[in-house]
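Q: Sequences listed follow chains A and B, in order. Taking the UniProt record's numbering, the leading residue of the first sequence gets 1, the next gets one more, and so forth. Taking the UniProt record's numbering, the leading residue of the second sequence gets 1, the next gets one more, and so forth.
Since the hints were derived computationally from the structure, they do not count as laboratory data. None of the values given here were measured: they were computed from a predicted structure. You may find that some hints are simply not true.
[As the list claims (entries may be wrong)] With a straight-line cut-off of 25 Å between C-alpha atoms, the simulated PhoX-like cross-links for lysine-lysine are:
| no. | chain 1 | residue 1 | chain 2 | residue 2 |
| --- | --- | --- | --- | --- |
| 1 | B | Lys90 | A | Lys105 |
| 2 | A | Lys292 | B | Lys258 |
| 3 | A | Lys265 | B | Lys60 |
| 4 | B | Lys282 | A | Lys234 |
| 5 | A | Lys11 | A | Lys40 |
| 6 | A | Lys292 | B | Lys282 |
| 7 | B | Lys60 | A | Lys105 |
[Claimed, not checked] Listed next, with one range per pair, are the computed distances between beta-carbon atoms:
| no. | chain 1 | residue 1 | chain 2 | residue 2 | range |
| --- | --- | --- | --- | --- | --- |
| 8 | A | Glu238 | B | Val218 | 39 to 45 Å |
| 9 | B | Ser325 | A | Lys180 | 54 to 60 Å |
| 10 | A | Ala107 | B | Ser5 | 25 to 31 Å |
| 11 | A | Ser285 | B | Ala127 | 33 to 39 Å |
| 12 | B | Asp304 | A | Gly178 | 55 to 61 Å |
| 13 | A | Arg190 | B | Lys40 | 33 to 39 Å |
[What the hints assert, rightly or not] Just a sample of chain B residues kept apart from chain A, beta carbon distances all over 12 Å, derived:
| no. | residue |
| --- | --- |
| 14 | Lys105 |
| 15 | Glu114 |
| 16 | Lys180 |
| 17 | Ser191 |
| 18 | Ser233 |
| 19 | Lys282 |
| 20 | Ser284 |
| 21 | Asp296 |
Just so it is clear, CB atoms sit at the ideal spot from N, CA and C, and this is done for glycine as well.
There are 2 protein chains.
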Amino acid sequence: MKKYSIKDIAKLSGVSVATVSRVINNNGRFSEETRKKVLKVIDETGYQMNYSAKSLRMNKSFSIGILVPDISNYFFSDVVQKIEEILFDKGYSTIICNTTRNNEKEAAYLQMLESKGVDGLIVISGANEFGFDYTRSEKDIPYICIDREPKDKDSTVFISSNHYQGAFEATEALIHSGCKSPVIAMHARRSSSGKERYNGFKDALKKNNIAFSKEKNVLIADIHTEDFPEVISKFINENPVDGIFAINDSIAMELLQKIAKLGKKIPEDIKVIGFDNMPQDKYSSPTLSSVKQDTDKIAAAAVDSLLKIIASPGETGDAILIPVSLVVRESSL
Amino acid sequence: MKKYSIKDIAKLSGVSVATVSRVINNNGRFSEETRKKVLKVIDETGYQMNYSAKSLRMNKSFSIGILVPDISNYFFSDVVQKIEEILFDKGYSTIICNTTRNNEKEAAYLQMLESKGVDGLIVISGANEFGFDYTRSEKDIPYICIDREPKDKDSTVFISSNHYQGAFEATEALIHSGCKSPVIAMHARRSSSGKERYNGFKDALKKNNIAFSKEKNVLIADIHTEDFPEVISKFINENPVDGIFAINDSIAMELLQKIAKLGKKIPEDIKVIGFDNMPQDKYSSPTLSSVKQDTDKIAAAAVDSLLKIIASPGETGDAILIPVSLVVRESSL
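Go ahead and model the full structure; you've got the sequences and the hints to work with.
A: And the structure:
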């Protein structure tokens, strides 16, 4: 039996190789008529898709991989879904890989995405800079980073919310509504966005002539540990806390509850502002003020940048900083 | 140049073909020493992974696809993450595809997963029965269904929470705390789990000799539409509502807020119970009672069933029904 190539299939169907590829991958735009024609030829010839990861990549697979640390996190799932929507409209499938902040897992998923021949990669968040340290084909896959510094800044685009601005504005909002001694509540884990938020908080204190000390103005707490309530209680009893900027809404939500249990009133005794503007912020008691990230713009910039890099490797743009906005609710009035 | 096969690589490395496959896919267990040895041989021979989707599947790709309608939904993301954890420990990568309840998208992702050569497929939820209608290679990929009826019950395993039991117990809890006229609040969208919850509600009324009518006991409302507040307000003003079983927590959460705005007290005037036990249930005011699904057990049963079907095609088990439990909080006291 003659072995048919994708070129043969294209010729016999009277369409381009790109169209055959799109039909095979069911990606991109083609008519039902074209689909039937190509599939008929494939059936008649017994054509088997036979490709190496590399050649598949050169032909384009119309699939994009996303590495995300935690799909149960509202911000991450929101951005990922919006990216998926845009990519699908452009004819790309999205492969979502959940790395659970685990380096070994990230390495495994990178290898898998390479072996599946994705056209590009979107890397969201993570503790360290991102690079292709684990794989054998460095820089082979075009990629862009959201909320994570790339190691090799010349080969990619770095996209993030203006976390610094969000933290700065939230902290100034606390100060302007009378807080003399604002505190930042954060987890011990470091991320590029976390560092920016920390810096924004510190600079807002500085600008308003409030002395900063790690002991009095920084509350490190992990909401997933058992001693979280004691850590909060101890910190609030030992320090003159009247305002808290929580580095994310999960921490802020826990604070609302724990502070109420300590007999303090929010916002009268202590004002609280979170980060991410999760849907549940409007259901808590009191409702939670929070910094809102513009996930529509982040998703659009991510897809736009990645497709540009895929089309013209080497042509990378500057880092893209997306503005954020403060949503004021009862907890900081 | 001689063309090397995976068998040649295995021979030259002194390991099995399965080990070479695991190293290439960076999946499963192997030592760092083995990895280096195999990669050295691959580099020296210039071996290119060259496989068709079919043969790759026969060699096993150690990857599993998941079709999920909405990763921003708490229950879905929780189950998906738990499945991913178990699969990764067993040496499998998980490819998550977000279908946004869109049939065209589901078809495209099914095609993509086939072309990427996944070993198996987990299908979560969806309006219709699941079958391989869209693809050319029916039944080629072993699959199991969670919360979605498979078309061909003999080739798969159907796993779900006992939605009927959860709805029945929630409704009886309302009745036992004094509700004379319980209502089910649900969206217009139909799903297999939604139908079961509806039946559980109706049967609880029947058992307790409460007459059921679609007009008085069923509140159809979509929280994403603008007229949601009016729909709620009209229904509550026109009917003697004293208890609501909401088919999910998103609806329940909106009800808590809208009912309070109508000047009614929860739980004194109207008791509310939701479904899914989302993390935010404990932050709302009042805190929300809800039916909890056992996502640990669902994930474990899903992986276990799928790997059995992959290992022994044709040997499928009975449907698996996972018990649920009612978590009582302030909203139904």
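Q: Next step is simple, just say for each hint if it's right about the structure.
A: Hint check:
1. Among the hinted pairs, B:Lys90 with A:Lys105 is consistent with the structure: their alpha-carbon atoms are about 12 Å apart, no more than 25 Å.
2. Proposed proximity of A:Lys292 and B:Lys258 is supported: the alpha carbons are some 24 Å apart, at most 25 Å.
3. Pair hint A:Lys265 plus B:Lys60 does not hold up; C-alpha atoms about 59 Å apart against a cutoff of 25 Å.
4. Among the hinted pairs, B:Lys282 with A:Lys234 is consistent with the structure: their alpha-carbon atoms are about 23 Å apart, no more than 25 Å.
5. Pair hint A:Lys11 plus A:Lys40 holds up; C-alpha atoms about 13 Å apart against a cutoff of 25 Å.
6. This hinted pair checks out: A:Lys292 and B:Lys282 have alpha carbons roughly 23 Å apart, not beyond 25 Å.
7. For the hint pairing B:Lys60 with A:Lys105, the CA-to-CA distance comes to about 19 Å; that is within 25 Å, so the pair holds.
8. The given range of 39 to 45 Å is broken by A:Glu238 and B:Val218, whose C-beta atoms sit roughly 54 Å from each other.
9. Roughly 47 Å separates the CB atoms of B:Ser325 and A:Lys180, a value that falls outside the hinted 54 to 60 Å.
10. A:Ala107 and B:Ser5 have their C-beta atoms about 26 Å apart, which keeps the hinted 25 to 31 Å range intact.
11. A hinted range of 33 to 39 Å holds for the C-beta pair A:Ser285 and B:Ala127, which are about 35 Å apart.
12. Checked against the hint of 55 to 61 Å, the pair B:Asp304 and A:Gly178 passes, with Cβ atoms roughly 57 Å apart.
13. Taking 33 to 39 Å as the suggested C-beta distance range, the pair A:Arg190 and B:Lys40 conforms, at roughly 36 Å.
14. Listed as outside the interface, B:Lys105 is inconsistent with that label: its C-beta sits roughly 6 Å from the nearest C-beta of chain A, within the 12 Å cut-off.
15. At the 12 Å boundary, the C-beta of B:Glu114 falls inside the reach of chain A, the nearest C-beta of that chain being 9 Å off.
16. For B:Lys180, the condition that its CB be more than 12 Å from all CB atoms of chain A holds, with the nearest at approximately 28 Å.
17. Every CB of chain A is more than 12 Å from the CB of B:Ser191 (nearest about 19 Å), matching its label as outside the interface.
18. Non-interface status of B:Ser233 relative to chain A is upheld: no Cβ of that chain comes within 12 Å, the nearest being about 18 Å off.
19. Not every beta carbon of chain A lies more than 12 Å from that of B:Lys282, the smallest distance being close to 8 Å; the non-interface claim is violated.
20. Once the 12 Å rule is applied to beta carbons, B:Ser284 is inconsistent with being away from chain A; the minimum gap is 5 Å.
21. At roughly 14 Å, the least C-beta separation between B:Asp296 and chain A is larger than 12 Å, which holds for a residue marked as non-interface.
When held up to the earlier numbered hints, the structure conflicts with 3, 8, 9, 14, 15, 19, 20 and fits the remainder.
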